[in-house]
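Peer 1: With the hints as a guide, bring the two chains together.
One line per chain: the protein sequences are A and B, in this order. For the first sequence, the working numbering gives the first residue as 1, with consecutive numbering after it. For the second sequence, the working numbering gives the first residue as 317, with consecutive numbering after it.
Where hints are given, some of them may not hold.
Unchecked claim - Listed next, the in silico BS3-like pairs over lysine-lysine satisfying Cα-Cα at most 25 Å (straight line):
1) B/K375 - B/K445
2) B/K375 - B/K536
3) A/K223 - B/K488
4) A/K223 - B/K330
5) B/K432 - B/K453
6) A/K223 - B/K453
7) A/K132 - A/K90
8) B/K521 - B/K488
9) B/K389 - A/K223
10) B/K345 - B/K536
11) A/K97 - A/K81
12) B/K536 - A/K223
13) B/K375 - B/K387
14) B/K499 - B/K521
15) A/K132 - A/K171
16) B/K521 - A/K223
17) A/K81 - A/K148
18) B/K345 - B/K499
19) B/K363 - A/K223
20) A/K144 - A/K81
21) A/K90 - A/K144
These are calculated hints, taken from the structure and not from any lab test. Keep in mind it's a predicted model, so treat the numbers as computed, not measured.
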Amino acid sequence: MPHRWISFRRIVGAGCQSFVRNAWLSIAAMAVMTITLTIVLFSVIANATFSKTIADIRSHIDVSVYLVDGITEQQRTDLTKQIQSIDNVKSVSYTTKEQALTQYKQQNQGNVSLQLAISETDNPLPASLHIKLYDPDRINDIKKFLDKPSVKALQSDETSYSGDQKVAIDKITKATTFIREAGIVGVIIFAIISMLIIFNTIQMAIFNRREELNIMRLLGATKWYIRGPFIVESVLYGVVSALISVAVCNGLFAVSSTTLNANSLGLLDIGYANRYFAAHFWAILGVQIGLGVFIGVVSSLIATQRYLRFKGGSTS
Amino acid sequence: MILLDRVSKSYNPKTAPALERISLHIEPKEFVIIVGSSGAGKSTLLKLLTREEKPTSGKIIVGGIDYEHLKDKQIPMLRRKIGVVFQDFKLLPGRTVFENVAFALEIIGVSNREIKHTVPRVLDIVGLKGKEDRYPKELSGGERQRVAIARAIVRQPKILIADEPTGNLDPKHAWDVIRVLEKINHYGTTVLLTTHNQEIVNKLKRRVVTIEGGHIASDKANAGYKS
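Chain B extracted, bound-state conformation (with noise of 0.2 Å):
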């Protein structure tokens, strides 16, 4: 599903690489557990995903698509296909919990129709039921979160990235989106998500991958804890 082949990202030539030579292989359908200390490069690969940045070297293979032979006007396809929770959220302020769910849809061209049938079946599941008229602003942080979740699987991603979907929580609120997550993962989306909460990582009996200072560190199945 997803392949890096000695990847490399440079933003300045000057300094260090924030990724050298990376290979990763990603099936479809697993979950897996991006963890690092901050500025060790996760954010970097996520970005490389995505498309927001371009390696400097190496060959990205995502969905089937080669990202080298890609054009600029085929990105936004790409963007579809892959659902995306941000670190910030990036949810629009001025719209409600239905409306920045929807947008996601609307911007593919679905009728209104079908986006009052998909989004509240989608606020369900990741448990926002009864919210759908809520402001950004009136949410807690996890509630959030979760509209970003919503927001990023309502298309029904082959993949969905999530980049720090705890980081700010408490840990009640920290499991409640982890386990919204699996719910995807178990319908059958490849899940990818960072994070640096340790906690987490020892209690998931998941795949980790372990970044630091731009290299995998370690690639562990069923990781218990980091040693």
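Bound-form chain A, shown alone (with noise of 0.2 Å):
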């Protein structure tokens, strides 16, 4: 009915109206907002973030089998043929003595005391059979393999489990269950605040207009015609909201990743964290219009339900 789109504009107007004229007023209102959906984004990314280098640095876990010196060839490949036979290993593979001595020679390019030292000895490092796991949680297996003792003849040292990296990933495991926690929690207390302020902003919006409110009623407006304008600020609140949180968090990605310059911080990546955030950018902005535009009109729907009453016998 063309009536129905008429006054649809007309509340839409008025919603859009008020919006401007309670600029003051709903600053409060926007910024708690902008705060909750700014926390939502962080979590969502942090959670991301953290599971990426969890995985990254799980697909580097290894096992390093140190080899005796005099071990012969085909010991040498029975032994791998043993260990590849094993289900969780993924691959195997060898360093003999002298790459060993390379990689390491490398690995200590400033330390010049260390570079004289190992050229006036022999070749004291061993070669070794580095395996690379599929679950690296499950290292039974192959710890009871190589523990056995036909195969702990063969080992020149301790079996490295690469222990101080599984360190690692139980930090972050933690690290990340917090986050996610702490995300939770913050959401909900700050959506409840959110709610809280606009709720009493819109309070006050219709404390400040009761007059033109009441006479909107006794000219018979109906509910819709008087409740809208204001749901339709909040609904307002929410995206506008959505859109500062979005581009404050797209400011701060551009300047950390040209100011720090550093992809990892630590156990970050904030590499990762860019990239993800500009490839799953419309579906972040569509949930966090989404979830500003909800929070919005939950509130203004009870703001508006409780603060315009309309019984037909009362003066209220």
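Peer 2: Below, the structure is given as structure tokens:
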């Protein structure tokens, strides 16, 4: 019906006007809403980044088996085959003594005294087998095999299970869980605060305009014609806050990747976070706007329901 | 058109009721004046008709609609059918004369084109042509009253209720307003007005309903003056 559309347009127009007129009042509401949405955003990205970092580290976990100097080629090949037959083993690679020495020299390029010491003795470094696993957490099978006396005899030193990397993984997993939970708690708290502030803002707006609203009611305006603009106003709070939140995040990533230029910040891969954000940009924007609008609409529905009562019998 | 059957209204059970078992019947196109001193119950009567208040007991039927069976969400529709001129005008101070009258049409979804067409004509009827862009505070009491009337009639209601339309006006302006109301009545609208202005009551040879202490004291057609 044409007149429904006209009324809708008028309601939206009134809501936008109100939004602009209440600019100062709305700033508090939008600030809190922006913080809420930004927490959501950060949690999601931090979660994704941590997960990626863990995956990266895990793919590098390997088991190093150091071989005695006197091992024969036959023994080595047999050992390699046996290890490969173990379920969890992805691959086995062999590093000769010479290769080990070269790697060592490369890793310690800056250390002159070490270089001197190395060149004065025979190559002390053992040859080794590097075993990559499918599931780095399941090392028992490998361990059992490598601890067998017959196998142990072929080993010069203790097997290295990339111990410190596992520690790093555990640390990150803990951090991820913490961030996820803290994120959820933070979002809920701020969402509630957002709702309360919007609620309050609308209440004030209703109070300021109560004369006009009363006249509208007496002239026969429907409940939705009167409530509508307030809901539209809240939708705008949600949308604008979402846009600000995404813009801020965007800005932060742009700044951090140029100034920091370090793509890793210890355990975090900021570069990845940046790419994740860019790749999922539209989805992120959509979720932010959706969440912002949801919070806004719910708050204003409750506020207008409570403060614009339309009992025909009373003069409220 | 308007029927009240033994209608009572009590705001507070401890005090005397505002209206007690009032029965009143008004035919379409009538022009009825309701008189009574302040507190006699005139405003209460009007509030019952606009559903601002619910009766404690009794039946109210207006324009064929039984108020007892009226649901809350049907009330806006009811209020659109009855034009009301409030005692305190209830104009929107931040809007011009034109916008104030247009407001009544906006609420029911009338297009801007039609509003531009209708509002000037109504302002002409009430004699406010040329003052469309003034704000209420720039107008005299009588002019504001006429804006209120224009807004009340712009939707062409079948019933027009005017609460003390000549309230604070000097005689000349008071009569201007009355003449407008008579013109509207002439075009076919049932007019109900309340007043405590004796002069007007006496000069208009119309039906006069007198309310005293919540009761109808008298109901005279073509009443000349109150005895």
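Peer 1: Now tell me, hint by hint, if it's right for this structure.
Peer 2: Against the structure, the hints come out as follows:
Between B/K375 and B/K445, the direct Cα distance comes to roughly 42 Å. Violation of the 25 Å bound is thereby established for this hinted pair. Under the criterion of a C-alpha separation no larger than 25 Å, the hint pairing B/K375 with B/K536 is consistent with the structure, at around 23 Å. Distance check on the hinted pair: A/K223 and B/K488 sit about 40 Å apart at the alpha-carbon level, beyond 25 Å; violated. Of the pairs offered as hints, the one joining A/K223 and B/K330 is violated, with about 34 Å between alpha carbons and a cut-off of 25 Å exceeded.
Distance restraint check for B/K432 and B/K453: the Cα-Cα separation of roughly 23 Å lies within the 25 Å cut-off, and the hinted pair is therefore satisfied. Using a Cα cut-off of 25 Å, the hinted pair A/K223 and B/K453 is violated, with the two alpha carbons roughly 29 Å apart. Restraint check for A/K132 and A/K90: satisfied, since their Cα atoms lie roughly 5 Å apart, inside the 25 Å limit. For the suggested pair B/K521 and B/K488, the alpha carbons sit about 18 Å apart, so the restraint of at most 25 Å is met.
Restraint check for B/K389 and A/K223: the C-alpha separation of about 8 Å stays at or below 25 Å, so the hint holds. The suggested pairing of B/K345 with B/K536 holds, with an alpha-carbon distance near 17 Å, which does not exceed 25 Å. Straight-line distance between C-alpha atoms of A/K97 and A/K81 comes to about 20 Å, which keeps the hinted pair within the 25 Å bound. For the suggested pair B/K536 and A/K223, the alpha carbons sit about 41 Å apart, so the restraint of at most 25 Å is broken.
Distance restraint check for B/K375 and B/K387: the Cα-Cα separation of roughly 15 Å lies within the 25 Å cut-off, and the hinted pair is therefore satisfied. With a CA separation close to 15 Å, the supplied pair B/K499 and B/K521 stays within the 25 Å bound. Restraint check: the Cα-Cα separation between A/K132 and A/K171 comes to about 22 Å, which is no more than 25 Å; the hinted pair holds. A threshold of 25 Å between alpha carbons decides the hint, and for B/K521 with A/K223 the separation of about 42 Å lies outside it, so the pair is violated.
A threshold of 25 Å between alpha carbons decides the hint, and for A/K81 with A/K148 the separation of about 16 Å falls inside it, so the pair holds. With a C-alpha separation of about 12 Å, the suggested pair B/K345 and B/K499 falls inside the 25 Å cut-off, and the hint holds. The hinted pair formed by B/K363 and A/K223 meets the criterion: a straight-line CA distance of about 20 Å does not exceed 25 Å. Of the supplied pair hints, the one linking A/K144 and A/K81 holds, its CA atoms being roughly 16 Å apart against a limit of 25 Å.
Distance restraint check for A/K90 and A/K144: the Cα-Cα separation of roughly 17 Å lies within the 25 Å cut-off, and the hinted pair is therefore satisfied.
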